[in-house]
Amino acid sequence: MEFLFDLVANGLLVGLMYALVALGFVLIYKATSVINFAQGDLLMFAGYAAAVMTGGHGMPLWAMVLVLCAGMVALGFVLERGILRPMVGQPVVSVIMVTVGLGFVLQGLVTIIWGANTRELALPVRFEPYIVGPVFISPINLVAAVIAVLFLIAFGLFFTRSRLGVAMRAVADDQQASMVVGIKVPRVFALSWAIAGLAAAAGGIIWGNQIGVDTFLALVGLKVFPVVILGGLDSIGGAIIGGLLMGVIESLAAGYLDPLVGGGTKDFIPYVLMILVLFVRPYGFFGHETIERV
Amino acid sequence: MTIECHLDIRGVSKHFGGVQAIGDVSLQVNRGEIVSVIGPNGAGKTTLLNMISGFYHPDSGSIRLADRDITRLSPSRIATLGVARTFQNIALFRGMTVLDNLMLGRHVHMRTGALSAMLRFGPALREEVQHREVVEDVIEFLDIQPLRKQPAGALAYGLQKRVELGRALAAHPQVLLLDEPMGGMNIEEKEDMARFVLDVNDEWGTTIVLIEHDMGVVMDISDRVVVLDLGQKIAAGTPDEVKEAPEVIKAYLGTQAAS
Numbered sequence: 018m019e020f021l022f023d024l025v026a027n028g029l030l031v032g033l034m035y036a037l038v039a040l041g042f043v044l045i046y047k048a049t050s051v052i053n054f055a056q057g058d059l060l061m062f063a064g065y066a067a068a069v070m071t072g073g074h075g076m077p078l079w080a081m082v083l084v085l086c087a088g089m090v091a092l093g094f095v096l097e098r099g100i101l102r103p104m105v106g107q108p109v110v111s112v113i114m115v116t117v118g119l120g121f122v123l124q125g126l127v128t129i130i131w132g133a134n135t136r137e138l139a140l141p142v143r144f145e146p147y148i149v150g151p152v153f154i155s156p157i158n159l160v161a162a163v164i165a166v167l168f169l170i171a172f173g174l175f176f177t178r179s180r181l182g183v184a185m186r187a188v189a190d191d192q193q194a195s196m197v198v199g200i201k202v203p204r205v206f207a208l209s210w211a212i213a214g215l216a217a218a219a220g221g222i223i224w225g226n227q228i229g230v231d232t233f234l235a236l237v238g239l240k241v242f243p244v245v246i247l248g249g250l251d252s253i254g255g256a257i258i259g260g261l262l263m264g265v266i267e268s269l270a271a272g273y274l275d276p277l278v279g280g281g282t283k284d285f286i287p288y289v290l291m292i293l294v295l296f297v298r299p300y301g302f303f304g305h306e307t308i309e310r311v
Numbered sequence: 471m472t473i474e475c476h477l478d479i480r481g482v483s484k485h486f487g488g489v490q491a492i493g494d495v496s497l498q499v500n501r502g503e504i505v506s507v508i509g510p511n512g513a514g515k516t517t518l519l520n521m522i523s524g525f526y527h528p529d530s531g532s533i534r535l536a537d538r539d540i541t542r543l544s545p546s547r548i549a550t551l552g553v554a555r556t557f558q559n560i561a562l563f564r565g566m567t568v569l570d571n572l573m574l575g576r577h578v579h580m581r582t583g584a585l586s587a588m589l590r591f592g593p594a595l596r597e598e599v600q601h602r603e604v605v606e607d608v609i610e611f612l613d614i615q616p617l618r619k620q621p622a623g624a625l626a627y628g629l630q631k632r633v634e635l636g637r638a639l640a641a642h643p644q645v646l647l648l649d650e651p652m653g654g655m656n657i658e659e660k661e662d663m664a665r666f667v668l669d670v671n672d673e674w675g676t677t678i679v680l681i682e683h684d685m686g687v688v689m690d691i692s693d694r695v696v697v698l699d700l701g702q703k704i705a706a707g708t709p710d711e712v713k714e715a716p717e718v719i720k721a722y723l724g725t726q727a728a729s
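Quick note, the sequences are listed as chains A and B, same order. Each residue of the first sequence is one higher than the one before, starting from 18 at the first, in this note's numbering. Each residue of the second sequence is one higher than the one before, starting from 471 at the first, in this note's numbering.
The hints are simulated quantities; they were obtained by calculation from the structure and are not laboratory data. Idealized CB from N, CA, C, for every residue including glycine. Just to be clear, a hint being listed does not mean it is correct.
Heads up, simulated SDA-like pairs for lysine to any residue below, C-alpha to C-alpha not over 25 Å straight-line [unchecked claim]: (1) K201/A / L543/B; (2) K283/A / M18/A; (3) K283/A / G229/A; (4) K201/A / N511/B; (5) K201/A / E597/B; (6) K201/A / R538/B; (7) K201/A / T567/B; (8) K619/B / S179/A; (9) K240/A / L126/A.
Derived contacts from chain A toward chain B, CB cut-off under 10 Å, selection only [said to hold, decoys possible]: (10) V117; (11) V183; (12) A194; (13) P203.
Pair ranges (Cβ atoms, derived) [as the list claims (entries may be wrong)]: (14) A87/A / R602/B: 31 to 39 Å; (15) P299/A / S530/B: 47 to 55 Å; (16) I473/B / V109/A: 44 to 52 Å; (17) V166/A / G487/B: 47 to 55 Å; (18) E606/B / Q193/A: 24 to 32 Å; (19) A626/B / Q107/A: 29 to 37 Å; (20) V110/A / D693/B: 24 to 32 Å.
So here's chain B without its partners, still in its complex pose:
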């Protein structure tokens, strides 16, 4: 398979007031790759993800998805182009059931008009059945069958993270952005989540960008790792390369350890 640049971030910067959250960061992610973004708190990791998914627009620089410039597009537009994501602090439809949450994940693929959908005939019904099949596949994949009718807001934290991943997967995304998918989880839950991420990448060839603090997980599942510190990219490479880089050790452990 030829290597194709799927996500091309060039020289993006973002200021909030006087604070530079991201300064001139470039990053290329190839199709089908798993790339982890790591760095200390406040390094600008989430800001970077928010710019890719359109919640922030960079002050300068550009972001391309395959051959399309998405720098200034809205989050909903970017979602329709095949980018799905999860959030660090979980954004679920808390008052709706798990099934409804996942069905809403199909929103970008829904086509039938308001009227026929209201009356539930012909094409609308067929479409609904198709979407439901996709959603059932995701439910089975994530092993959350018993939760279908539960309100999402009432689930335990780890399960909410799993449902949020499910909603992103229901969209059959080309690019999946995960913001600390294992944050706050116990070891068993982390292992499950790591397996899901690898399986998604394997089965559908989904390009994945994830932010994660657990170094063990990052080093295990990533094809490449990018290190941010204070809004700057300080290192990038394979997990082994990054582990050895003096800049990284300095950022994480301080100057003394590095010298």
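Chain A on its own, in the form it takes in the complex:
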């Protein structure tokens, strides 16, 4: 029983970190109907930049966070303007392939600039775990979870309350109707990429710290994929719940199944779950069920 508590608590914390990365996918999908396969690579890029700034240049943490966030927002704008805007009006599949290509370019780029060695991204957080009853919680997981929660709340407010957020929802729903009510659709596209850049910055710092910075960091994007599908591609709430669920399931699989079969289950259980969910709800748990009147 205590073991179970421990697994669930740590699963939830990791789940929040998944949710934060999932948010990047959801933001872009909501506004532009494009699945950005380069989201994990953006995160990796941010992780590299963070590691170089704190490690190589010895920049203080606060400065690194500021520079990184500003830089990733700018990168989001540039990518949208430079390679996605020209694709407007093309089939969605073509646009998705562009994001796949972008992912490979980013991988190549970081290797050329910063090399392929694994770098450490240290954060000034104490190492010894907090012990709450039967539960061991590592402080860095807690910090990551808090950052993730702050981001998630901010994005949630942005989408439901702010004029721009509502405009983004409108664009996701119908572009033609958005233009006719006076929404500047290209600006909304650019903004969604910028915010996805910001989510990648946060994700890059947190995950880079957890698993080290090299090109494998991009795989976080792939791991988060079942989270996004599970929660529903266009639902922020779904991303959060999907992330939490995935974190817990992974943690339980690692705790209970791995000892039986000799390990590795936590890496594929999420995908099994994703497939099962898709059988029942093709649009995910909280995804937008398309209303069709025939």
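For this one, chain A is given, so just place chain B on it according to the hints.
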């Protein structure tokens, strides 16, 4: 009241590949007028509307709104200048409620910044209340009170058309462009819609350009009628004048009937 040209379209042409959709069409609409554009399918009516609202830009010619050249402006810019429209095949935010759709119709009038709107204090709250009042007026005017919380995509066709008109009206437009507002409706719905169009024009003095196939409605509500055929303007005038014009009878019924 002096007559003032509100919408001034001069010699616009538009090609799609080798096809000329609109060729050298001019049209002046005075402030407060209801002008209908009629013509057989493929005459270029919707293309003309799309050029006015900025979805297409003409290859040549110019479009002026009051004293401002809007020929090359984007749809969103033209919307902010007070032009609202509906579409033949209905462009609603299908996943959002009727109320949200109408509130988005107020978008061009929303001023408060992202941050204060997020925190919902002071000016942002006041503004929201004002917009909501405008929207409630529109809801009452169109008699759609029970639909407020319904998702727009789930409504019956005629009601979707009505909600789309409501979204356009929520913007308090100077110019209203309606693309077949009565298409696919039954007689009762058509009568309602015709009444709404006349009331809007009466109460707010809104300039209205509409495309419609139902000749009965067109002749009843229009101040003037413009007839397009194969991208050319073949006749214009009061409903009675147009009804008698031989070019119009030819376009609609063929040469034999005209002779």
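Verification of the hints:
1. K201/A / L543/B: Given that 25 Å is the threshold and the Cα spacing comes to 12 Å, the pair holds.
2. K283/A / M18/A: Distance ~20 Å between K283/A and M18/A Cα, so the pair holds.
3. K283/A / G229/A: 19 Å, holds
4. K201/A / N511/B: 32 Å, violated
5. K201/A / E597/B: 21 Å, holds
6. K201/A / R538/B: OK: K201/A and R538/B at ~20 Å, within 25 Å.
7. K201/A / T567/B: With a Cα-Cα distance of about 21 Å, the restraint between K201/A and T567/B holds, given a limit of 25 Å.
8. K619/B / S179/A: Status holds; Cα separation ~20 Å.
9. K240/A / L126/A: 22 Å, holds
10. V117: Violated: closest Cβ of chain B sits about 28 Å from V117/A, beyond 10 Å.
11. V183: 7 Å, holds
12. A194: For A194/A, the interface hint holds, since the closest Cβ of chain B sits about 4 Å away, which is under 10 Å.
13. P203: 9 Å, holds
14. A87/A / R602/B: 31 to 39 Å: Once the Cβ atoms are compared, 37 Å apart, the range 31 to 39 Å for R602/B and A87/A holds.
15. P299/A / S530/B: 47 to 55 Å: For S530/B against P299/A, whose Cβ atoms are near 49 Å apart, the range 47 to 55 Å holds.
16. I473/B / V109/A: 44 to 52 Å: 49 Å, holds
17. V166/A / G487/B: 47 to 55 Å: Holds, at about 54 Å.
18. E606/B / Q193/A: 24 to 32 Å: Between E606/B and Q193/A, where Cβ atoms are some 26 Å apart, the hint holds.
19. A626/B / Q107/A: 29 to 37 Å: For A626/B and Q107/A the Cβ distance comes to about 34 Å; the hint holds.
20. V110/A / D693/B: 24 to 32 Å: Since V110/A and D693/B have Cβ atoms about 49 Å apart, the given range 24 to 32 Å is violated.
Going down the numbered hints, you'll see the structure goes against 4, 10 and 20, while the others check out.
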